[in-house]
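Trainee: Read off the chains here:
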Amino acid sequence: GAVVSQHPSRVICKSGTSVKIECRSLDFQATTMFWYRQFPKQSLMLMATSNEGSKATYEQGVEKDKFLINHASLTLSTLTVTSAHPEDSSFYICSAPTGGSNQPQHFGDGTRLSIL
Amino acid sequence: GENVEQHPSTLSVQEGDSAVIKCTYSDSASNYFPWYKQELGKRPQLIIDIRSNVGEKKDQRIAVTLNKTAKHFSLHITETQPEDSAVYFCAASRFSGGYNKLIFGAGTRLAVHP
Chain A
1 GAVVSQHPSR
11 VICKSGTSVK
21 IECRSLDFQA
31 TTMFWYRQFP
41 KQSLMLMATS
51 NEGSKATYEQ
61 GVEKDKFLIN
71 HASLTLSTLT
81 VTSAHPEDSS
91 FYICSAPTGG
101 SNQPQHFGDG
111 TRLSIL
Chain B
117 GENVEQHPST
127 LSVQEGDSAV
137 IKCTYSDSAS
147 NYFPWYKQEL
157 GKRPQLIIDI
167 RSNVGEKKDQ
177 RIAVTLNKTA
187 KHFSLHITET
197 QPEDSAVYFC
207 AASRFSGGYN
217 KLIFGAGTRL
227 AVHP
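Protein chains in written order, with this note's numbering: chain A, 1 to 116; chain B, 117 to 230.
Calculated directly from the structure, the hints in this document are not laboratory data.
Positions of the beta carbon are idealized from the N, C-alpha and C atoms, including for glycine.
Hints may be right or wrong, so weigh each one.
[Said to hold, decoys possible] To spell it out: a stretch of chain B is covered by chain A in this simulated footprint if at least three of its residues, at any positions, have a beta carbon under 8 Å from a beta carbon of chain A; those stretches are:
| hint | region |
| --- | --- |
| 1 | 127–137 |
| 2 | 159–170 |
| 3 | 173–185 |
[Said to hold, decoys possible] One-sided and incomplete, this derived list gives chain A residues near chain B with beta-carbon spacing under 10 Å:
| hint | residue |
| --- | --- |
| 4 | 29 |
| 5 | 32 |
| 6 | 34 |
| 7 | 42 |
| 8 | 45 |
| 9 | 105 |
| 10 | 106 |
| 11 | 107 |
| 12 | 114 |
| 13 | 115 |
Work out the full structure, taking the sequences as your base and the hints as a guide.
Mentor: As structure tokens, this is what we get:
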């Protein structure tokens with residue numbers, strides 16, 4: 001079964017709306033979580049590293065003011081897509097290392113975001 | 117930074133045949149190499165991984181080999197079955213700053229025909 005829970009699984013909303021996506025680690029603590037974006041038939045592109053109790057680390061080219069990340073507890077990281085536009089439509093997916101920071105990462109089920 | 121190249125982009129085999137997917141990486145400091153299988157619309161699932169202190173690892177029909185000198189690693193699937201059909205991603209990372217940051221290859225779409 002899934003060890004990383006992501007919610008919601010699907011969002012359809014109007015342009016200009018802000019959308020929050022949650023990523024939870026189940027039965028384990030994750031001081032670090034990762035957020036990826038995946039366009040159709042493409043690879044997973046790392047957007048940012050979410051760090052519990054400190055600021056997220058963003059990859060080059062990812063706007064930190066556009067994609068707000070908050071890691072308020074050892075089991076929850078949130079990604080907020082602010083003022084979303086159609087080009088933000090994508091599959092957003094989080095991951096967390098289970099059993100310790102140097103352990104394999106497991107992914108959530110992903111969130112399919114569609115901006116009209 | 118790390119760059120991972122993956123080949124082929126598509127692979128079609130007959131049921132029972134073997135399938136091989138190859139990846140190369142650029143950062144010689146990378147020391148962890150997982151492989152993920154992703155079915156359409158679903159999350160990537162870890163199928164096997166290897167660390168740099170090991171040259172080969174096997175789990176039933178799946179094996180991974182690593183050549184640190186050449187900076188490449190490969191996934192081998194034997195006796196393929198239709199349910200092996202999916203997109204496979206390789207990744208490379210090194211443990212730094214307290215975590216492994218995975219950089220993924222472009223993916224290989226594997227089709228296994230009955």
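Trainee: Run every hint past the structure and note whether it holds.
Mentor: For each hint, the structure was consulted:
no., hint, verdict
1, 127–137, "violated (count 0)"
2, 159–170, "holds (count 5)"
3, 173–185, "violated (count 0)"
4, 29, "violated (13 Å)"
5, 32, "holds (4 Å)"
6, 34, "holds (7 Å)"
7, 42, "holds (8 Å)"
8, 45, "holds (8 Å)"
9, 105, "holds (6 Å)"
10, 106, "holds (7 Å)"
11, 107, "holds (4 Å)"
12, 114, "violated (13 Å)"
13, 115, "violated (18 Å)"
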